[in-house]
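So the sequence lines, in the order shown, correspond to chains V and H. By the numbering used here, the letter at position 195 of the first sequence is numbered 184, and the numbering carries on one by one without gaps. By the numbering used here, the letter at position 236 of the second sequence is numbered 225, and the numbering carries on one by one without gaps.
Derived by calculation from the structure, the hints in this document are not laboratory data. Among the clues, some could well be false.
Same chains, same names: a pair is fine if it fits in one copy or spans any two.
Claimed, not checked - Once the Cα atoms are required to be at most 25 Å apart in a straight line, the calculated DSS-like pairs of lysine-lysine come out as: (1) Lys15 x Lys170; (2) Lys77 x Lys158; (3) Lys170 x Lys143; (4) Lys158 x Lys16; (5) Lys158 x Lys15; (6) Lys98 x Lys16; (7) Lys143 x Lys98; (8) Lys15 x Lys98; (9) Lys66 x Lys16; (10) Lys66 x Lys265; (11) Lys16 x Lys2; (12) Lys33 x Lys59; (13) Lys98 x Lys66; (14) Lys143 x Lys254; (15) Lys143 x Lys158; (16) Lys158 x Lys66; (17) Lys170 x Lys254; (18) Lys98 x Lys59; (19) Lys77 x Lys170; (20) Lys33 x Lys265; (21) Lys33 x Lys16; (22) Lys143 x Lys265; (23) Lys265 x Lys98.
There are 2 protein chains.
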Amino acid sequence: MTRQELIASIREKHSFLCVGLDTDPKKMPQHLLDSEDAIFAFNKAIIDATLPYAVAYKPNIAFYESAGIKGLVQLKKTMDYLHSLDDKVFTIADAKRGDIGNTSQQYAKAFLDPQGDFGFDAITVAPYMGEDSVTPFTVYDGKWVILLALTSNKGAFDFQLIEDKASGKRLFEKVLDTSRKWGNDGNMMYVVGATKADMLESVRAIVPDAFLLVPGVGAQGGSLTEVCRYGLNRDCGLLVNSSRGIIYASNGADFASRAAEEAHKLQLQMAEELTKVGF
Amino acid sequence: MTRQELIASIREKHSFLCVGLDTDPKKMPQHLLDSEDAIFAFNKAIIDATLPYAVAYKPNIAFYESAGIKGLVQLKKTMDYLHSLDDKVFTIADAKRGDIGNTSQQYAKAFLDPQGDFGFDAITVAPYMGEDSVTPFTVYDGKWVILLALTSNKGAFDFQLIEDKASGKRLFEKVLDTSRKWGNDGNMMYVVGATKADMLESVRAIVPDAFLLVPGVGAQGGSLTEVCRYGLNRDCGLLVNSSRGIIYASNGADFASRAAEEAHKLQLQMAEELTKVGF
C-alpha cells in the first residue's frame, strides 16, 4: 500500500487506528477453543467487528510463533482473509527483525514478498545492526520498513536515551537522523511509543513528514490526546495501535461486539483530533 | 545444555566450532532439489558430515522463514534430527528477536520451550529494547540468551560504537555492562563479530568469563587466530561460527565431504589454539 493510499484510507474512515492482533489462546473466549482454527476464528471475528473503525492490522508475530508451525498456519489464514477483503487495510508484521544484509533479505522475502505466504505491507525492524540490516526491507514496491526509534516499554530507557558524545544526539534521535539516508517517507516509518509522548516533539523535529507507528495507548498507559498534540502532521502521519484494550475487551461470547465498541471509541476520538488539525 | 556440558563437549572434540545452517535452496546441489524435504536432506547431510568436528549448530531462522510455513517444517525436521543424536550438540536459533516483555515471553516459548516445535538451547537477541525484552529468555533451565554486542557487518559502525557521554562507554560496552545484571555466565552469551577481533580485548575487559558467539570467520573475512588471541579464556569461552565457508564449500555431489573437510580444517586450528592456552 502506498503512502497516498494509506492517507486516502485514513481520510475515508476518519481513523488512524491500527488493531494489534496479539492473539493468545489463554485470553480467548472459551467457546472458540474447541476449533482447530481457534486463533484464526478469533482474528476473523475481531477483524469483521473492527473493520469500519480501523485502517491497519498488526499481527504480533511472536504470538503465532509461540504456537509453533500450527500458529503460523493461523497467521497465514489471517493474512489470506485480510487480503481477500474489499476494504483494503494496511498490514504490519510486528516482527522486530534485523540481521546482516543477506539475512535481512530473507526476512524481507518471508514477510513482504507478494508471492510469499504472508505478503504484509510493512514490517517492524530493530536498528541495532545498522544500514545493511535495514535497507533490504525497502526494495519491494509499495512496502514499508517500520524502524524502532523509541519504544513503549520500560527497557527503552536502558539504551535508547544514551547521549552520543560526538553529535549530542540521543540514540533514538541518531537512529532517526541516520536512517533518513536509507529510505524515504514513502517506504520508511518509525515506532515511537505513546508512553513517551513528551518526546514526540524531538521526533517530529527530525522526521516532520514520516508516518509514526505508535504503540502503548491503552494497556500500556499512553494518552491519545498527548500523542496527537505532538504527532499529527498535515498528512495525519500517525498510526496508533491498540491491542489488548480492543481484542480482550471481553473474553465472553460478546468479545467481538465489545472489541467493536472499544475500536469505535478510539475512532471517534481520532476523528475529533483530525478535525482539530483540519485534516 | 548447561555451561559445564558445553565445556565438556569442547574438551572432548577439541573444537569450539559452530556450523551455521543458512540453508538456501539457490545454493544447494541440484540433485537434492527434487525432494519435498530438500532443505532437511541438505542439513542432515551437512550435520552427519561435520558432527565429529562441531559442538554447535546454528540454523539462521530467516532462511527457513523465507520459504514460508514449508520452510519451518524443514527447520522442525532439522531440530528433531539434532535432538535425536546420541552426540549431543548445542543448538542456537539465530533469530535476533527482542520485544516488550509479554512478547519476548512468546518468542522464548517459540524457540526454547522443550515442549515446543523446536526446543533450541539458545537464541540470539537484539538489545535495543532493553531489560524486559531480554530477561524472558533466561527463565528456562539450561537455556541461553545470546545478546548482540558487536556484530560482524558493516552496519555495526552505525550505532554500536557511539560513545555514551555520561559513562564514556561505547554502546556495545554499555550493552555488555548493563546486561550483566540481567543474567549470568551460565545463561547469557554475547555475539561479537570476528571482523572486529581488535575490539575483543575491550569485550573481555567487561565479560572475562562469558561465552562469546563469534560469527564472521570465513566468507565475512574474520581471522580465527586473531579471535583466539583475545577471545579464549580458561573455559575456552568461544563458539566460532562458520556458515557459508562450510556448507557451500561445494555445490556438487561432494558437498557433504567438502563441508567435512572445511570443518575439519577449522577444528584442527581450534585444537592448536586450545593447546596453546593449555585447555
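Okay, the hints, checked on the actual structure:
no., hint, result
1, Lys15 x Lys170, "neither (43 Å within a copy, 31 Å between copies)"
2, Lys77 x Lys158, "neither (39 Å within a copy, 47 Å between copies)"
3, Lys170 x Lys143, "between (29 Å within a copy, 15 Å between copies)"
4, Lys158 x Lys16, "neither (41 Å within a copy, 43 Å between copies)"
5, Lys158 x Lys15, "neither (42 Å within a copy, 43 Å between copies)"
6, Lys98 x Lys16, "between (31 Å within a copy, 16 Å between copies)"
7, Lys143 x Lys98, "between (32 Å within a copy, 21 Å between copies)"
8, Lys15 x Lys98, "between (31 Å within a copy, 14 Å between copies)"
9, Lys66 x Lys16, "within (20 Å within a copy, 30 Å between copies)"
10, Lys66 x Lys265, "neither (39 Å within a copy, 56 Å between copies)"
11, Lys16 x Lys2, "neither (29 Å within a copy, 47 Å between copies)"
12, Lys33 x Lys59, "both (17 Å within a copy, 24 Å between copies)"
13, Lys98 x Lys66, "both (18 Å within a copy, 22 Å between copies)"
14, Lys143 x Lys254, "neither (27 Å within a copy, 46 Å between copies)"
15, Lys143 x Lys158, "both (20 Å within a copy, 21 Å between copies)"
16, Lys158 x Lys66, "neither (43 Å within a copy, 47 Å between copies)"
17, Lys170 x Lys254, "neither (38 Å within a copy, 42 Å between copies)"
18, Lys98 x Lys59, "both (21 Å within a copy, 14 Å between copies)"
19, Lys77 x Lys170, "neither (30 Å within a copy, 46 Å between copies)"
20, Lys33 x Lys265, "neither (33 Å within a copy, 62 Å between copies)"
21, Lys33 x Lys16, "within (16 Å within a copy, 39 Å between copies)"
22, Lys143 x Lys265, "neither (32 Å within a copy, 45 Å between copies)"
23, Lys265 x Lys98, "neither (40 Å within a copy, 45 Å between copies)"
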